[in-house]
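Two chains, two separate frames, one set of hints: put the complex together.
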Amino acid sequence: GDSVTQMEGPVTLSEEAFLTINCTYTATGYPSLFWYVQYPGEGLQLLLKATKADDKGSNKGFEATYRKETTSFHLEKGSVQVSDSAVYFCALSARGAQKLVFGQGTRLTINP
Amino acid sequence: DAGVTQSPTHLIKTRGQHVTLRCSPISGHKSVSWYQQVLGQGPQFIFQYYEKEERGRGNFPDRFSARQFPNYSSELNVNALLLGDSALYLCASSLDDKYEQFFGPGTRLTVL
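From first to last, the protein sequence lines are chains F and L.
According to the numbering used here, the stretch in the first sequence is residues 1 to 112, in order.
According to the numbering used here, the stretch in the second sequence is residues 1 to 112, in order.
Looking at chain L on its own, in the form it has when it is part of the complex (with noise of 0.2 angstroms):
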């Protein structure tokens, strides 16, 4: 079975922009959360998602936001981008808002 996908692997962006990320769950998974881990540190979370509504808000500014689709797909956007942006964003996945989340490669964002 696949695991958790995510998209695109690598990305960068300019100071200012915008950036969507997106996540595919494991099939028959309901609940997505998203993470943010800055080189060096421990993974920072941001979003939960479970049957498509916000479960869980981590201490993010505004310009950060999320959304799950029907298929349990989920993309998170950034707006506004700035230098300290830059990190690998991991997305979980799990049956429900209280299993095991099984995370996936990441998307590694660079802003320059």
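Chain F extracted, bound-state conformation (with noise of 0.2 angstroms):
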């Protein structure tokens, strides 16, 4: 079945650091590819998506590329800040359905 890895965490990194947090997947077909960020107590929002092989899908300074040949979909940012602390979940779901696979999420601490 589909599913989604990310790398291990913690990842703790200091103020304007370089992120990446690398994550791979298993599926059929086309699936379109998300990244979540949840904050401590909150529910999940979503970061940004790509629905399709070379999509760039970027938002607050966060990106991803859509990598088809490598099944990879990692997040970068070029400098983060201490706000940017959360638990971050790289997501699948299948084309034609809505059903959201999960990687394990990636626990980033930013330090000032």
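What the hints contain is simulated information worked out from the structure, not anything from laboratory work.
The model shown is predicted, which means the values in this text are computed figures rather than measured ones.
All residues carry an ideal CB built from backbone N, CA and C; glycine is no exception.
Keep in mind that a hint or two might mislead.
Said to hold, decoys possible - The calculated lysine-lysine pairs, modelled on BS3-like cross-linking and capped at a C-alpha distance of 30 angstroms, are:
| hint | chain 1 | residue 1 | chain 2 | residue 2 |
| --- | --- | --- | --- | --- |
| 1 | F | Lys60 | L | Lys98 |
| 2 | L | Lys98 | F | Lys56 |
| 3 | F | Lys56 | F | Lys68 |
Claimed, not checked - Listed next, with one range per pair, are the computed distances between beta-carbon atoms:
| hint | chain 1 | residue 1 | chain 2 | residue 2 | range |
| --- | --- | --- | --- | --- | --- |
| 4 | L | Glu75 | F | Glu69 | 29 to 37 angstroms |
| 5 | F | Phe18 | L | Glu75 | 18 to 26 angstroms |
| 6 | F | Gly1 | L | Lys98 | 18 to 26 angstroms |
Structure follows, in structure tokens:
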């Protein structure tokens, strides 16, 4: 079945550092790909998405590119801030379906 | 506009009991999905309802059931609670069964 694998956490960085969180997927067909963020005590918020190969999703300085050849959707940010501290989830939904399949999440802590 | 709301916020039950969790979607949204998020893991899909009909079911036992009402709100019921049912239960709504899902803050269930 479909699955998502994220890099193990937790990840701790200093403010203004460069961030990469790796995400790879296994799916039949051409899924849509998502990054969600979960702040402490809150539900999930959609951060960005991409629906076809080579699409780049971007939001709030975060970017991720849908790479079909490597089945990856890595999350990047050039300069992180303390307010970016949260848990990040990579997810996919199969074409024509809405059910989301999530990775295990990566906890990110940014120190001032 | 109000987002997805869930009640109660927190709940403590003992093994063998039954629980009902409630979700009110964003106004105008007709699709509701339920996810279980065990501590330290990504959310797992439980059910999707659209226009009061079940559209998808995840790999959960029959102890889990749900329904959607004419006003598009939804209930998730879990019978014969087990310790392993302790989790954050997330509800997500969308305009229909293909658009982006918006998540509520969740109900934290603890089974003792």
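Okay, the hints, checked on the actual structure:
The straight-line distance between the Cα atoms of lysine 60 of chain F and lysine 98 of chain L is roughly 25 angstroms, inside the 30 angstroms bound, and the hint therefore holds. Distance restraint check for lysine 98 of chain L and lysine 56 of chain F: the Cα-Cα separation of roughly 20 angstroms lies within the 30 angstroms cut-off, and the hinted pair is therefore satisfied. Of the supplied pair hints, the one linking lysine 56 of chain F and lysine 68 of chain F holds, its CA atoms being roughly 12 angstroms apart against a limit of 30 angstroms. A beta carbon spacing of about 44 angstroms between glutamate 75 of chain L and glutamate 69 of chain F contradicts the range 29 to 37 angstroms that was offered as a hint.
At roughly 45 angstroms, the beta-carbon separation of phenylalanine 18 of chain F and glutamate 75 of chain L lies outside the given 18 to 26 angstroms, and the hint is violated. The hinted window of 18 to 26 angstroms between glycine 1 of chain F and lysine 98 of chain L holds, with their beta carbons roughly 20 angstroms apart.
Hint check: violations occur at hints 4 and 5; the rest are consistent with the structure.
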